[in-house]
Amino acid sequence: MTSPKLFGIGVRICGDYQAAEDTLNDVYLTIWQRKKGFDPARGRALSWLCTMARNRSIDWVRRYGRPTESDALLASMPTLDPDPESLALLADESDQLHLCLEKLKPQQRAAIETAFFEGVTYSNLADRERVPLGTMKTWVRRGLLSLRDCLDGR
Amino acid sequence: MADSIDPDPDTVTAAELALGLLEGQALRDAEMRRRGDILFSEKVARWERHFALWFERWPEAIPPESAREALMRTIGIKPANDNPRSWKVATFLGTAVAAALVMFLAVRQAPSPVEIPAAEPSRFLAAALTAEDGVTRVPVLIELPGKRLRMPPAIDVPAGRSAQLWLIAGDDRPAPIGILQTSDRGLSAQLSLPNRVAEGAVLAISIEPMGGSPTGRPTGPVVASGALTSI
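Residue numbers (our numbering), protein chains in the order written: chain A, 20 to 173; chain B, 172 to 402.
Quick caveat, the hints were computed from the structure, so don't treat them as lab data.
In this text, a Cβ means the ideal position worked out from N, Cα and C, and glycines have one as well.
Where hints are given, some of them may not hold.
SDA-like mimics (lysine to any residue), calculated; alpha carbons at most 25 Å apart, straight line [stated by the list, open to error]:
hint : chain 1 : residue 1 : chain 2 : residue 2
1    : A       : K122      : B       : D179
2    : A       : K24       : B       : E231
3    : A       : K156      : B       : G195
4    : A       : K124      : B       : D179
5    : B       : K318      : B       : Q361
6    : A       : K122      : B       : I233
7    : A       : K156      : B       : L224
8    : A       : K124      : B       : R220
9    : A       : K122      : B       : H221
10   : A       : K122      : A       : L152
11   : A       : K122      : A       : T133
12   : A       : K156      : B       : R217
13   : A       : K122      : A       : R173
14   : A       : K24       : B       : A216
15   : A       : K156      : B       : A216
16   : A       : K156      : B       : Q196
17   : A       : K24       : B       : L224
18   : A       : K124      : B       : R228
19   : A       : K24       : B       : P230
20   : A       : K24       : B       : S237
21   : A       : K156      : B       : F226
22   : A       : K156      : B       : R199
23   : A       : K24       : B       : I233
24   : A       : K156      : B       : A197
25   : A       : K156      : B       : Q361
Residues from chain B shown here face chain A by an in silico Cβ test under 8 Å; the list is partial [what the hints assert, rightly or not]:
hint : residue
26   : A186
27   : L190
28   : L193
29   : L210
30   : A223
31   : W225
32   : F226
33   : W229
34   : P230
35   : E231
36   : A346
Based on the provided sequences and hints, a complete structural model is requested.
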């Protein structure tokens with residue numbers, strides 16, 4: 020079922036259940052009202068839905084800010100599966116992403132993963148890691164370049 | 172900085188935009204480029220597809236019932252509040268809608284030859300109609316046994332004409348089953364469906380004179396069609 024995944028994305032990025040609900044509703048409304056429909060050549064359905072949910076959640080955080088994280092919400096927030104075994108069932112392309120990520124320096128990889136799963140900006144990342152903004156940008160950009168080269172088979 | 176070590180800084184900027192790292196002027200510039208620069212927007216989309224593989228690891232969270240109800244309202248289905256099974260029905264509707272949404276996105280698969288017992292309550296038919304361009308998919312949801320059809324406002328009906336729905340089962344002649352009406356939530360129709368609809372029967376929409384084809388057969392262009400599946 021789609022909505023627990025989409026709702027999970029909203030909850031994690033917005034840090035707010037009501038916002039996650041609004042985001043989920045917004046995603047469905049967009050699809051339902053989308054006059055042009057969906058071009059299947061552009062990607063798999065679930066990936067597309069998830070990407071839209073993540074982008075909408077990030078838009079929400081940019082507009083309203085991330086709420087002060089309450090203990091209750093944090094306690095109930097599902098944690099990420101740290102076990103790469105869960106990736107075992109994925110297709111080859113996912114293996115490739117995984118392999119390419121393995122090649123990155125730990126700090127590069129961690130920064131990119133945090134950016135993805137938390138939906139945070141460069142400044143947030145730098146604050147969290149207590150490094151200068153420029154340093155964080157360099158880590159991420161070098162990581163992204165390595166990732167691109169690896170994914171392109173260079 | 173990336174600019175000094177890479178001849179293709181666009182790729183990095185595209186990834187930064189896809190991840191949501193940018194803010195302020197850099198974000199506004201990148202968003203503007205995504206809207207106006209096809210090559211750049213393709214790069215962003217490419218990164219999004221790469222990163223989308225990570226969604227497999229994303230923890231799920233069960234939406235509260237209020238989210239399901241809001242979803243139902245969004246697409247114009249009212250959960251029956253006086254029905255003791257309303258929660259169950261609402262849950263099922265949520266699943267059905269999600270399934271319909273995913274289905275219209277997915278590449279259509281060959282339908283299985285299962286007959287749908289229309290007498291059974293809380294069943295739905297769905298279809299991913301292919302529009303005239305052969306690419307665009309449009310979702311359609313039919314509630315059984317109410318025989319109410321809903322779809323987004325994806326069909327352009329010229330003034331003074333009607334969009335008529337047809338059911339084509341096997342080699343049978345297309346049977347007229349309803350006329351699409353415009354509402355504030357898209358298009359809908361009250362269908363006159365047979366009690367049994369064969370899985371894989373095709374739903375088609377043609378543009379006809381106001382009120383429907385005078386001959387009982389499609390006379391105008393078919394603007395969308397697709398196979399029905401029970402969900």
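message: To test your reading of the hints: which numbers does this structure violate?
response: 6, 25, 29, 36
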